[in-house]
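Asks: The residues making up each chain are set out below.
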Amino acid sequence: GAVVSQHPSWVICKSGTSVKIECRSLDFQATTMFWYRQFPKQSLMLMATSNEGSKATYEQGVEKDKFLINHASLTLSTLTVTSAHPEDSSFYICSASGRNPSVDTDTQYFGPGTRLTVL
Amino acid sequence: QKEVEQDPGPLSVPEGAIVSLNCTYSNSAFQYFMWYRQYSRKGPELLMYTYSSGNKEDGRFTAQVDKSSKYISLFIRDSQPSDSATYLCAMSGNTGGFKTIFGAGTRLFVKA
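Residue numbers (the numbering used here), protein chains in the order written: chain A, 1 to 119; chain B, 1 to 112.
Note that these hints are calculated values from the structure, not bench results.
One or more hints might be untrue.
Claimed, not checked - To spell it out: a stretch of chain B is covered by chain A in this simulated footprint if at least three of its residues, at any positions, have a beta carbon under 8 Å from a beta carbon of chain A; those stretches are:
#, stretch
1, 32-38
2, 42-50
3, 102-109
Stated by the list, open to error - Which chain A residues stay away from chain B? Per the calculated CB distances, all over 12 Å, these:
#, residue
4, Cys-13
5, Ser-15
6, Gly-16
7, Ser-18
8, Lys-20
9, Leu-44
10, Asn-70
11, Leu-76
12, Thr-78
13, Thr-80
14, His-85
15, Pro-86
16, Glu-87
17, Asp-88
18, Leu-119
Note that CB positions come from ideal geometry on N, CA and C, so glycine has one too.
One chain only, chain B, in its complex shape (with noise of 0.2 Å):
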């Protein structure tokens, strides 16, 4: 079993959909969560970061972490051509010498 599970789609929506990306993993020490969006042939650029549990928001993404169920999710309200992307899940522990573990990767597709 991999540490981090992420589907890897891809995921097709209309433009103005809401937009689920998920991760399950099984590590119970990660503390950490991040999601990352990577435009073909770029480096991974830094959407959110979560520590712990709970909900966080900026703009039209909103970020879920449930340590009990060790799920997260990325939420994209008002979907745009413009994040056709690939979005990667991310995570590390609390301990020194930490080693972020990344999901494969959520290829989504919007059409205009």
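Isolated chain A, as found in the complex (with noise of 0.2 Å):
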């Protein structure tokens, strides 16, 4: 149990345009979901955190205008990169919290990630 999926899992795109990543538990209720951001050699930035049917808290620094963040349901949330220019080229993590027998609620279950490239 506790699997957490995540779509596209690398994306390149040109400088101006949008990208939506996808996240998904597979086999739980996700009560909260996380984004994090990766630089390589680096660790895990939290973005934001987000509750079902909820607006995302978004961590300082980070533009909630440019990073969009939807949970609309237990089991889908979803990170829009508008605008995207090459500095926002990194590795995009979610991660997600909840409630399920097999799941211990506060332990976060990761995504495998989404590397995103901005040409």
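Work from the hints to combine the two standalone chains into their complex.
Replies: Right under this line is the structure:
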């Protein structure tokens, strides 16, 4: 149990376009989802936390108008990078925590990540 | 001072060695302690999960939590080249709307 998927796993886009990344909990209800950004050889940087049906809470320094997060259901959250620029190129990882008899409610389960390259 | 301190390494050991990875923290409210393993260009994978103080063993992995010293450890016995990865410690409190704090991660290389 506790499987989280992300799609796409890898995306290349032109500068100025928008990119949507999906994060799904496959076998449990994700009451909370998290979005992280990771630069090469660095640790995870939390971008935002979202609870199902509520607006996301963004970390200091993260532009909420640039990184749009939607958590419309208990199994799906999306991150849209709007008007992407080369400096947005990074590894984006989602995680989820939630409720299920086989899932530790205070643990985050991570997706495989999405590598974004903006040309 | 960071809430969680973790030596980034890299740590290089020969195959079969016992590996010790550690984190220290400053927030006494932390109750849940996790270790994640992350391979290059992959998402973190949960290895061990411990609540409060004590030891937990799973195969070649042992997690230890010493809340009095605010110190947690992950031991890997009989290390294998496939254990080469970055290991992240993480911890959170038991309040509603918890926030998990991650260490910087320690890069481990196990040489065949």
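Asks: Now, for every hint given, state plainly whether the structure supports it.
Replies: For each hint, the structure was consulted:
1. 32-38: Our answer is that it holds, as 3 residues pass the Cβ test (under 8 Å) against chain A, meeting three.
2. 42-50: holds (count 6)
3. 102-109: Coverage by chain A holds here, the residue count being 5 at a Cβ distance below 8 Å.
4. Cys-13: holds, 18 Å
5. Ser-15: It holds; Ser-15 of chain A is separated from chain B by about 23 Å at its closest Cβ, greater than 12 Å.
6. Gly-16: Its Cβ never comes within 12 Å of chain B, the nearest being 26 Å, so this holds.
7. Ser-18: Answer for Ser-18 of chain A: holds, closest chain B Cβ roughly 23 Å.
8. Lys-20: holds, 18 Å
9. Leu-44: It is violated; Leu-44 of chain A is separated from chain B by about 5 Å at its closest Cβ, not greater than 12 Å.
10. Asn-70: Correct as stated: the minimum Cβ-Cβ distance to chain B is 19 Å, above 12 Å.
11. Leu-76: holds, 17 Å
12. Thr-78: holds, 17 Å
13. Thr-80: holds, 19 Å
14. His-85: His-85 of chain A is indeed farther than 12 Å from all Cβ atoms of chain B, at 22 Å.
15. Pro-86: holds, 19 Å
16. Glu-87: holds, 20 Å
17. Asp-88: holds, 18 Å
18. Leu-119: holds, 19 Å
In the structure shown, a violation is registered for the earlier hint numbered 9 alone.
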